[in-house]
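Participant: Chain residues, written in single-letter form:
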Amino acid sequence: MAAAVPPFELFYEAHKDAVLSFLRRRAGRQRADDLFQDTFLRALRAYERLEHGEHLRAWVLTIADRLVIDGARREQPQGELLAEPATEDGRPAYEELAPLTGDLPPKERAAVVLRYGYDLGYDEIGAALGSTEQAARQAASAGVRRLRKEQR
Amino acid sequence: MTPVPVSLDRRFREAAAAAGLLDVAFDVLEDTPVGPLLVGVTDHGVCRISFDPDPEHQLEQLARQYGPRVLRSPRPVDRLRRELDEYFDGRRRAFDVELDLRAAPAYQRRVLAELARVEYGHTTTYGTLAARTGNPRAARAVGTAMNRNPVPIVLPCHRVVGANGSLTGYGGGLGRKELLLRLEGAIF
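Chains as they are written, first to last, in my numbering: chain A, 1 to 152; chain B, 1 to 188.
Be a bit skeptical, because a hint or two may be false.
[Unchecked claim] Some residues of chain B that are not near chain A, with every Cβ distance over 10 Å (derived):
{"hint": "1", "residue": "E30"}
{"hint": "2", "residue": "D43"}
{"hint": "3", "residue": "A131"}
{"hint": "4", "residue": "R137"}
{"hint": "5", "residue": "G143"}
{"hint": "6", "residue": "G175"}
[Unchecked claim] Distance windows between CB atoms, simulated:
{"hint": "7", "chain 1": "A", "residue 1": "R49", "chain 2": "B", "residue 2": "P36", "range": "50 to 60 Å"}
{"hint": "8", "chain 1": "A", "residue 1": "A72", "chain 2": "B", "residue 2": "R11", "range": "20 to 30 Å"}
{"hint": "9", "chain 1": "A", "residue 1": "L50", "chain 2": "B", "residue 2": "H57", "range": "22 to 32 Å"}
{"hint": "10", "chain 1": "A", "residue 1": "D123", "chain 2": "B", "residue 2": "R11", "range": "50 to 60 Å"}
{"hint": "11", "chain 1": "B", "residue 1": "G20", "chain 2": "A", "residue 2": "P106", "range": "29 to 39 Å"}
{"hint": "12", "chain 1": "A", "residue 1": "L50", "chain 2": "B", "residue 2": "S166", "range": "20 to 30 Å"}
{"hint": "13", "chain 1": "A", "residue 1": "E54", "chain 2": "B", "residue 2": "D43", "range": "23 to 33 Å"}
{"hint": "14", "chain 1": "A", "residue 1": "R49", "chain 2": "B", "residue 2": "N164", "range": "27 to 37 Å"}
{"hint": "15", "chain 1": "A", "residue 1": "A4", "chain 2": "B", "residue 2": "P36", "range": "20 to 30 Å"}
Simulated from the structure, these hints should not be mistaken for lab results.
Ideal Cβ placement from N, Cα and C applies to all residues, glycine included.
With the hints as constraints, model all of the structure from the sequences given.
Facilitator: So this is what it looks like as structure tokens:
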């Protein structure tokens, strides 16, 4: 059975430091402080609709990541600098990955989606999964190997 | 990893409450004559006062009863905090805060409504409350309802004693019951 959604206080306390670190690396110290609040307000708005309490670290980091990208777009409308990785038909890569990775073990799935869907670095993925850069690299490559095997 | 600065943390907690996004805002009142109290407030009113200040024990239950968006946020609790301060100072005899008793079963709500009429500085018995809620023999059920009172102090289950005048029991321990009755001048 999937883990239940924890009371928001516990979720916030468990992930707030990681979210701020992530935002500071991605957006710089000053913008990070504003985006921090926006990230958790957005998480609060969506929280009631969450169906289970799994991968919440990855979930909240994707919210933070989206805000960084949206903010960068607003500031430089023509800029393509921070465009999200997209597939050829224009859909975001992480949507494409979702059905493919559904059967992977949770940690490998998260590592693959964050690496190839969100284009995060292994250090960020390690932080997102509460482990190390090295472990994130191994989880992602194990996930990719497993996907290749399944596709045969 | 960078710890979140206190100012940033506080700003988010205030913004969350101000935006009306919380099912329950709670805080811990560290310094009261009966020890630390965990208090919870919804849009409808005060839903929890607990003598067990450890949030871990309360949050899951609050989330189950009112929704998962339970966050520590001091501002919504300010009014209750002020009224409790006044009460403990002997400057307040009745509470004006709204209560949220939606999570209580119907029978318990009936008993709590009767309990609310027991005045400051007075006591009543489990049997009397049972009679007032329609069944004089239900003293034990009344005791259970008192024990599960979600908002002690504000709803004064400390004013309910045994038929022979003994303090009998209290969810927060007999020492606290005695202290509250002494504060109100109900015992000496």
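Participant: Taking the hints in turn, state whether each one holds.
Facilitator: Each hint, compared with the structure:
no. : hint                       : in the structure
1   : E30                        : 17 Å, holds
2   : D43                        : 14 Å, holds
3   : A131                       : 40 Å, holds
4   : R137                       : 40 Å, holds
5   : G143                       : 30 Å, holds
6   : G175                       : 29 Å, holds
7   : A:R49 / B:P36: 50 to 60 Å  : 34 Å, violated
8   : A:A72 / B:R11: 20 to 30 Å  : 23 Å, holds
9   : A:L50 / B:H57: 22 to 32 Å  : 23 Å, holds
10  : A:D123 / B:R11: 50 to 60 Å : 28 Å, violated
11  : B:G20 / A:P106: 29 to 39 Å : 34 Å, holds
12  : A:L50 / B:S166: 20 to 30 Å : 49 Å, violated
13  : A:E54 / B:D43: 23 to 33 Å  : 29 Å, holds
14  : A:R49 / B:N164: 27 to 37 Å : 55 Å, violated
15  : A:A4 / B:P36: 20 to 30 Å   : 27 Å, holds
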